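Order-wise, the sequence lines are chains A and B.
Take the first sequence: its position 97, counting from 1, is numbered 97 in this note's numbering, and each next residue is one higher.
Take the second sequence: its position 91, counting from 1, is numbered 648 in this note's numbering, and each next residue is one higher.
Think of the hints as simulated: they come from the structure by calculation, not from any bench.
All of these numbers come straight from a predicted model, not from anything done at the bench.
Treat the hints with care, since some could be wrong.
[Unchecked claim] Label pairs and their calculated CB-CB ranges:
{"id": "1", "chain 1": "A", "residue 1": "S63", "chain 2": "B", "residue 2": "K813", "range": "31 to 39 Å"}
{"id": "2", "chain 1": "B", "residue 1": "A693", "chain 2": "A", "residue 2": "D66", "range": "47 to 55 Å"}
{"id": "3", "chain 1": "A", "residue 1": "F134", "chain 2": "B", "residue 2": "A693", "range": "55 to 63 Å"}
{"id": "4", "chain 1": "A", "residue 1": "P199", "chain 2": "B", "residue 2": "D646", "range": "34 to 42 Å"}
{"id": "5", "chain 1": "A", "residue 1": "N204", "chain 2": "B", "residue 2": "P690", "range": "55 to 63 Å"}
{"id": "6", "chain 1": "A", "residue 1": "N322", "chain 2": "B", "residue 2": "Q871", "range": "45 to 53 Å"}
{"id": "7", "chain 1": "B", "residue 1": "V634", "chain 2": "A", "residue 2": "L194", "range": "39 to 47 Å"}
{"id": "8", "chain 1": "A", "residue 1": "G242", "chain 2": "B", "residue 2": "P890", "range": "29 to 37 Å"}
{"id": "9", "chain 1": "B", "residue 1": "K609", "chain 2": "A", "residue 2": "K435", "range": "47 to 55 Å"}
{"id": "10", "chain 1": "B", "residue 1": "R643", "chain 2": "A", "residue 2": "V61", "range": "42 to 50 Å"}
[What the hints assert, rightly or not] Covered by chain A, per the in silico footprint, the following chain B stretches (three or more residues, Cβ under 8 Å):
{"id": "11", "region": "599 to 605"}
{"id": "12", "region": "609 to 617"}
{"id": "13", "region": "780 to 788"}
Ideal Cβ placement from N, Cα and C applies to all residues, glycine included.
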Amino acid sequence: MSSDAITIPALEVQEKPWVDLLHEWVTTVDHKRLGILYIVYALVFLMLGGVEALIIRIQLVHSHNDFVSPEVFNRMFTMHGTTMIFFVAMPILFGFANYLVPLMIGARDMAFPRLNAFSFWLSALGGFLLYFSFLGGSGLYGAGSAPDVGWWSYAPLTAHAFSPGHSSDYWTLALLVSGFGSIGTAINILATILCLRCPGMKLNRMPLLVWLNLVMAGMVLIAITPLSAAQIMLLIDRYLGGHFFDAQAGGSAVLWMHFFWIFGHPEVYVLIIPCFAFMSEIIPVFSRKPIFGYPVMVAATVCIAFVSMSVWAHHMFTIGMNSYANSFFTLTTMAVGVPTGIKIFNWIGTMWGGRIQFKTPMLFSIGFLFQFLIAGLTGIMMAASPFDWQLSLSYFVVAHFHYVIVGGILFALFAAFYYWYPKMTGRMLSERLGKWHFWLFLIGFHLTFDVMHILGLLGMPRRIYTYEPGRGWDTLNFVITIGAFIQALAILVFAANLVISYFKGARAGNDPWDAWTLEWSVSSPPPAYNFATVPTVASRRPLWDLKHPEDPDSRYE
Amino acid sequence: MSMLKMKSSTLRFLAQTMLLLFWSAMAGWASEPKGSSPHGTNIFAPASTPAKSIADLSVFVLVITGIIFVVVFALLVYSVVKFRGRAMDAGREPVQVYGSTQIELAWTIIPILIVVVLFLATARVIHAIQDAPEPAGAVDVAVIGHQYWWEFRYPELGIATANELHIPVSDPSHPTPTFLQLLSADTDHSFWVPELAGKTDLIPNHPNRMWVDPQRTGVFLGQCAQYCGVQHAKMLIRVSVDGPEDFAAWVRTQQKPALEDPGVAAGRRVFESNACMNCHTVAGTPADGRFGPDLTHLMSRATIAAGAAQNTRQNLRLWVQNPSAIKPGSLMPAMKLSDADLDAVVSYMETLR
Chain A
1 MSSDAITIPA LEVQEKPWVD LLHEWVTTVD HKRLGILYIV YALVFLMLGG VEALIIRIQL
61 VHSHNDFVSP EVFNRMFTMH GTTMIFFVAM PILFGFANYL VPLMIGARDM AFPRLNAFSF
121 WLSALGGFLL YFSFLGGSGL YGAGSAPDVG WWSYAPLTAH AFSPGHSSDY WTLALLVSGF
181 GSIGTAINIL ATILCLRCPG MKLNRMPLLV WLNLVMAGMV LIAITPLSAA QIMLLIDRYL
241 GGHFFDAQAG GSAVLWMHFF WIFGHPEVYV LIIPCFAFMS EIIPVFSRKP IFGYPVMVAA
301 TVCIAFVSMS VWAHHMFTIG MNSYANSFFT LTTMAVGVPT GIKIFNWIGT MWGGRIQFKT
361 PMLFSIGFLF QFLIAGLTGI MMAASPFDWQ LSLSYFVVAH FHYVIVGGIL FALFAAFYYW
421 YPKMTGRMLS ERLGKWHFWL FLIGFHLTFD VMHILGLLGM PRRIYTYEPG RGWDTLNFVI
481 TIGAFIQALA ILVFAANLVI SYFKGARAGN DPWDAWTLEW SVSSPPPAYN FATVPTVASR
541 RPLWDLKHPE DPDSRYE
Chain B
558 MSMLKMKSST LRFLAQTMLL LFWSAMAGWA SEPKGSSPHG TNIFAPASTP AKSIADLSVF
618 VLVITGIIFV VVFALLVYSV VKFRGRAMDA GREPVQVYGS TQIELAWTII PILIVVVLFL
678 ATARVIHAIQ DAPEPAGAVD VAVIGHQYWW EFRYPELGIA TANELHIPVS DPSHPTPTFL
738 QLLSADTDHS FWVPELAGKT DLIPNHPNRM WVDPQRTGVF LGQCAQYCGV QHAKMLIRVS
798 VDGPEDFAAW VRTQQKPALE DPGVAAGRRV FESNACMNCH TVAGTPADGR FGPDLTHLMS
858 RATIAAGAAQ NTRQNLRLWV QNPSAIKPGS LMPAMKLSDA DLDAVVSYME TLR
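Only chain A is shown next, with the shape it has when bound in the complex (with noise of 0.2 Å):
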């Protein structure tokens, strides 16, 4: 491999003034470049976002503290859901998609390379805006201030009569920016597996991470959408004078909830999806058996993706639909839970009869196993409509989304991360940091959430900046803190071992696992160009038929 098809900027600082690599980078079109530019990008809001939910957890370590003011408290809340959704989850998401995607189909690029950096600037350019709103937020004032209405930013809230400064225009400006990156991504990635597969992958022969990706990318589409035109409705309220959502002008507050779940609740998938993905990929791996039920999972996810479209009324269970609206949400909320019940079996079939390697990444699979198994529960309970009467907006609901986010999505990102670092570095992670990250952030993770659940039951509502004592709530809140102190642990230790594995892990080879899809028969990091030149494939795994001439998998299919 000649030295010019090494992606890595470090390894070529000797040979390009750093003015160069710069220039490389910002300018690249190559899909593993912006893969990692995705994926660093959302490290460093991943950052923020932490530090924001730090604030909170501080603030909330006893009943009436005053660590910040009210203000800052609502601000924290509102910037850590909308960072960790829009440029934390999403990015990174999209990151191992461009990088990952094109290797497993045999591509030598995304269909539209320069779409694609396109996306990802616009995706770069909302962080900014959303980040710049501390600085320029209230405009006349010179004070700055942060969006402070909420994630789902609910009318009335947002007109000027309630949100006079600029900080809610951040708000809607970043999102609007952002979701034009995602579309542009979405489109990209249906483009690509659609059109540029190698020869012999066929649809039903595509590993089961393209498949997602492909469903994922389809339902961004389908989401990203209606938020979109929402915020330029928002926009025409606030600037044109119009009344979409202004209740005092005859607006109807409850539209934008509707505008925002039909997007917000297929957005969980759009996350969860290629969590999935990841674990549909890694899990084989590591039992050293193919997927179990490999088209019951494609047929699972996609019927993940209809149904999904249709249960965003459950997050408005206490606005007061009628009891027909009611029940229909609530069945389709619990049918959504068959085909994702399925998965997890198919994720146990799998593992069942294997010889299960308990490598970092693994590790964090069957964390992620566990911990989506109890988050898709507590989602049955509050998909019982009166059950959510009492459990919707309260520490319960909390706690539910943040299993499925942190310990679901999170925890499938770092066995992500573990698994294919070494491809994209050549080096691997240290497994013994590795070993740290997982058991202090399994730690860290439980003490926070499974808490959560307790003071929800208890009545303690969500978004509120102090509490009042005699509640019982201070000790439960107290052990919240600490474990979001040994999560902030965790991630430390695992930054660490990106940064220090980076320059002093093992080489990694082509194929460190012993793993059976394209990404790794070219080297790691694969040169620019992917495969000198394009393979073919009998089967859905190509390399397992390489080494085991003896026994291919495309003698069955």
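Using the hints, position chain B against chain A.
Chain B in isolation, oriented as in the chain A frame:
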């Protein structure tokens, strides 16, 4: 088959044990209030029919999901332990299994049946709570959410009050439920008193309804559950469930106009010559503002500032002088009165019984 049955009964036992542990833990936190201290906010200590039917449904759902958890968790642990890679296997691959239609069908159909059962149980409770007709003898209250306080109006009784809702206890043999019409004057709010009922939002331009029929007397706590602005946290609710005589007595007091006490004429003058009267009503006087709470019977309430502080002279004085000291972000302006005026107006307020 009998093996399977035995296993499932063991699992059920495990589930029940877990639930028992959970309940005892909850009971520990929910320890019964002592003396006259208010009831807590535990959703598993219901004191009214809607909260009770929700709690019953919740236990049913918890048992089902608990059983699912135990079964799947056991499968997960079993496969992790049983199928862990061993050193002697090094280099050898296990049998490559691709799937099984029968097994897939089994774990598709069983969950579908569970969903059907859960849905039917839930739909019954939805209907029972939401579509309950309003009986004769029910008390009607309009609940109006304002940024950081609650307005309560009893249209049939001609009463307006704030933050502390009084309702009659409801004897199951002779029910006197209270029906709440939920309105908002500004942003979204949510009325949540966990031991009486689930929460329902107050949304501008979108009237909602809920009902409670508390079967125990005492004070029940709750608070705004929908983020409504800077001081969302200190928008607390106290619901006083009174015995029939107490409730009737309370109604009689509230229906009277404000007490006239010539001893505090100076304070009244301060009240009526400052912005106070633009926002607050004192029935029987020119003060008829509705932006802030009705003060006609201020001293009949145990707390001020929507439950943020006890109703004492010291707190009243602080509240009038500098509301931010109690509730930063409150829409009540600091009145910047002289010490003499401040004392006079607080003395006047103290006569509003």
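How the hints compare with the structure:
The hinted window of 31 to 39 Å between A:S63 and B:K813 holds, with their beta carbons roughly 37 Å apart. For the pair B:A693 and A:D66, the supplied restraint of 47 to 55 Å holds, since their beta-carbon distance comes to about 50 Å. Remark: the range hint 55 to 63 Å for A:F134 to B:A693 is upheld by a beta-carbon distance near 58 Å. The beta-carbon spacing between A:P199 and B:D646, approximately 35 Å, falls within the hinted interval of 34 to 42 Å.
Our hint of 55 to 63 Å for A:N204 and B:P690 holds, since their Cβ atoms are close to 56 Å apart. Between A:N322 and B:Q871, the C-beta spacing of about 48 Å keeps the proposed range 45 to 53 Å intact. A C-beta distance of roughly 41 Å is found between B:V634 and A:L194, which places it inside the suggested range of 39 to 47 Å. In this structure, A:G242 and B:P890 meet the distance hint of 29 to 37 Å, their C-beta atoms being roughly 31 Å apart.
Taking 47 to 55 Å as the suggested C-beta distance range, the pair B:K609 and A:K435 conforms, at roughly 48 Å. Range check, B:R643 to A:V61: about 46 Å between beta-carbon atoms, so the 42 to 50 Å window is met. Only residues whose C-beta sits within less than 8 Å of a C-beta in chain A count toward coverage, and the region 599 to 605 of chain B has 3 of them, enough to reach three; the restraint holds. Beta-carbon proximity to chain A at under 8 Å applies to 4 residues in the region 609 to 617 of chain B; the threshold of 3 is reached and the given coverage holds.
Counting residues of the region 780 to 788 of chain B whose beta-carbon sits less than 8 Å from any beta-carbon of chain A gives 9, enough to reach three: the coverage restraint holds.
The structure is consistent with each of the numbered hints, conforming to all of them.
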